[in-house]
Amino acid sequence: MRFRNLLAAAMVAVLFTSASTAFAEQAPTKLLKSTADHSKFKALDREFDSGPEVTRACLTCHTEAAKQIHLTQHWKWEFINPDSKQVLGKKHVINNFCTSVASNEAACNSCHIGYGWKDDKFDFSSEENVDCLVCHDSTGKYKKPSGFAGLPVTKDTEFPPGSGKIVKGINLREIALKVGPTLRTTCGACHFNGGGGDGVKHGDLDSSLEAPGKELDVHMDTKGNNFTCATCHKTDGHQVPGSRYAPTAMDKGAAQVRGKGGRINPATCQSCHGQGPHKLAKLNDHTGKLACQTCHIPYFARGGQPTKMSWDWSTAGKLSPDGKPMTLKNEDGYDTYMSIKGDFVWKENVQPEYIWFNGTVKYTLMGDKIEKGDKPTQINHFEGSAGDGKSMIWPIKMFRGKQAYDPVNKSLVVTHLAGSDDTAFWKNMKWEPAVAAGMAAAHAKFSGKVEFIETESMWPITHMVAPKEKAVGCVECHSSNGRLEKIDGIYIPGRGSDHATVLDLGGWVIAALALLAVLGHGLGRFIVYRRNR
Amino acid sequence: MMSRVYIFKRFERFWHWSQAALIITMLVTGFEVHGSYRAFGWQQAANAHTTAAWALIVLWVFAIFWHFTTGEWKQYIPTAGKITAVMYYYAFGIFDPNAHHPFRATQLKKHNCLQRLAYLFVKLFINPLVWVSGLLYLYYHDLGAYGVGGLSGLQLGTIALAHTLGAFLMLIFLVVHVYFATTGHTPLAHIKAMITGWEDLETES
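Protein chains in written order, with the numbering used here: chain F, 1 to 533; chain V, 534 to 738.
Extracted from the complex, chain F is given alone in its bound form:
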């Protein structure tokens, strides 16, 4: 008996061992998503002295890539609005952050996906000046420092010259051998730092999205869906959908199905979620008037990184007691005053403002007449109304500023900020020569006078989608003085300003009188009853 047990045990052991060996042999190798391992490419396995050298190597295989890039907004920094014909794009607009690119190319264009755009003579037809690495670096080591017109620094360089500060050179070979798809960090290198620093500009884009949790972004959650930017902003021939120069304010399409034809913008919520994503029918009714973002992004700048809410250039130029440019910081360590830039306000967990938006953005461009008045100048006004049939209620970040303008020509101005020359504002803090140099670079006329004008710019809030449990609750809009108090043209149940005063007042008064009457009547009966008992 005992022997038989032992024998059985031995047989089981043998079977188990052979089976596990078999499993080990069949264990699948990890599926590589790319068919090419760039570290095996001879063309990349060499020293590179400059960015364009890397691009030439890329183009030996990806022969058409640069031509695709040449057609993008990322390359052109120019967008002509098909409806308004306004000539927009970073190359042309004046905003109320660092105001404009012109005359500041060497600094600003470190975020251009090209090499060497340092003035208005940049060759936009150059293929080798397309920067592949800035989007396709997977090492996180690729850098385009400010001041180098978008060029990476390959050898340790003193910058600014004579400052004694050294910009470390980077090894392009290592980076080139490890190229891959775009990442949150590659897109974020520029888009998280719009306005000159982390989180400054957008409010819904900052470095907290490099590795967000579910609370911050339900799609990008590294432990969940782990979307990259390109999951929604899905490119086609390097063309990135989802422009804020011509945003899709209303998308009435169903969820995108293969074979059902292309969609103008695959980055909209509806392109995946369709028109009726809620279980509760009444919530789906809301999709007729509300952008998804209005409820599903309750606050922006939620990741721990604050965003700038206002910027007052008019106070720039004050010096410290010892006569030097200074920087004042708040308790969290963020600049609230810089001599070279003026006053800032930073905020975290900001409740958006809400507007009707139909996708049309009207910019105030240089040369457009502006006037100091009760209302701030609209840098970019989101148009729309309840009744135009094209508008939805959208959350925005309203960025308020005060910036230089020409009071004689009544125009926004280009200011030469960055550089080591005598006119650069960040060097000498004198407005007139800085604006004169900026306007000369932009080939625009300037009266010689500088004053300051209040401005507002609008930024759509569309990232940092919260988990559904954290969506904006009903009562936050269905109430008086709620989030949508200022939204006109619609009836919002629960909002006092929508009530017919006569009915509400009359209704309660008559009901109260009826109550008083019956109580009086009852009291009369009670008195009579007591008296007659």
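There may be inaccurate statements among the hints.
Quick look at which bits of chain V chain F covers, simulated, 3 or more residues with Cβ under 8 Å [unchecked claim]:
{"id": "1", "region": "574-582"}
{"id": "2", "region": "693-707"}
Label-pair distances were calculated between CB atoms; the ranges are [claimed, not checked]:
{"id": "3", "chain 1": "V", "residue 1": "572", "chain 2": "F", "residue 2": "277", "range": "24 to 32 Å"}
{"id": "4", "chain 1": "V", "residue 1": "687", "chain 2": "F", "residue 2": "253", "range": "20 to 28 Å"}
{"id": "5", "chain 1": "V", "residue 1": "687", "chain 2": "F", "residue 2": "64", "range": "53 to 61 Å"}
Which stretches of chain F does chain V cover? Using the computed rule of at least three CB atoms under 8 Å from a CB of chain V, they are [said to hold, decoys possible]:
{"id": "6", "region": "467-476"}
{"id": "7", "region": "486-497"}
Hints are computed from structural coordinates only; laboratory data are not their basis. Note that this is a predicted model, so its numbers are computed, not measured. Think of the CB as a built atom: it goes at the ideal place given N, C-alpha and C, for glycine as much as any other residue.
Start from chain F and add chain V according to the hints.
Here is chain V on its own, set in the frame of chain F:
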């Protein structure tokens, strides 16, 4: 002398009290949705209001069916006969211990002429107003989306206005109705009758 009369049948009593509960629920939650106060939370109020609305609609469908199959609908046909006498009684007679209500309820005639008028107004004006405006409110989005009849141009504000008017009328009715329920020969007589079905009636000596 007292006599007992069976006036309210079982379904009728069930219908009355469940309707009462639903209407009170809907008034309380409805005015919160309207923004008059905060009590249960807007979302909870709105959900409860909608659920109660459907329950009430189902109940009304049954009640309408019952009224027509049993012929009970005739109880609401106005009878102008003693209306001055009834009004005179509620205004003055009720304070006189020797006065009697000019109307005596029976199974065939449950309601006095004033009640008949009041209930007819509820059934022919307030209920349809609340019901129709409520359904339009609930399906407002679809009116626009599918362009239902000529209703696609109807504004939610207009619908809400009608619905609110209905709500105030119902509230006023409720206040008065609840009070009149205490005007039997004892304050609880009518209420007991509505619970048990049996009403104690004073017989004239």
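Verification of the supplied hints:
no., hint, result
1, 574-582, "holds (count 4)"
2, 693-707, "holds (count 8)"
3, V:572 x F:277: 24 to 32 Å, "holds (30 Å)"
4, V:687 x F:253: 20 to 28 Å, "holds (27 Å)"
5, V:687 x F:64: 53 to 61 Å, "holds (55 Å)"
6, 467-476, "holds (count 3)"
7, 486-497, "holds (count 6)"
The structure meets every hint from the earlier list without exception.
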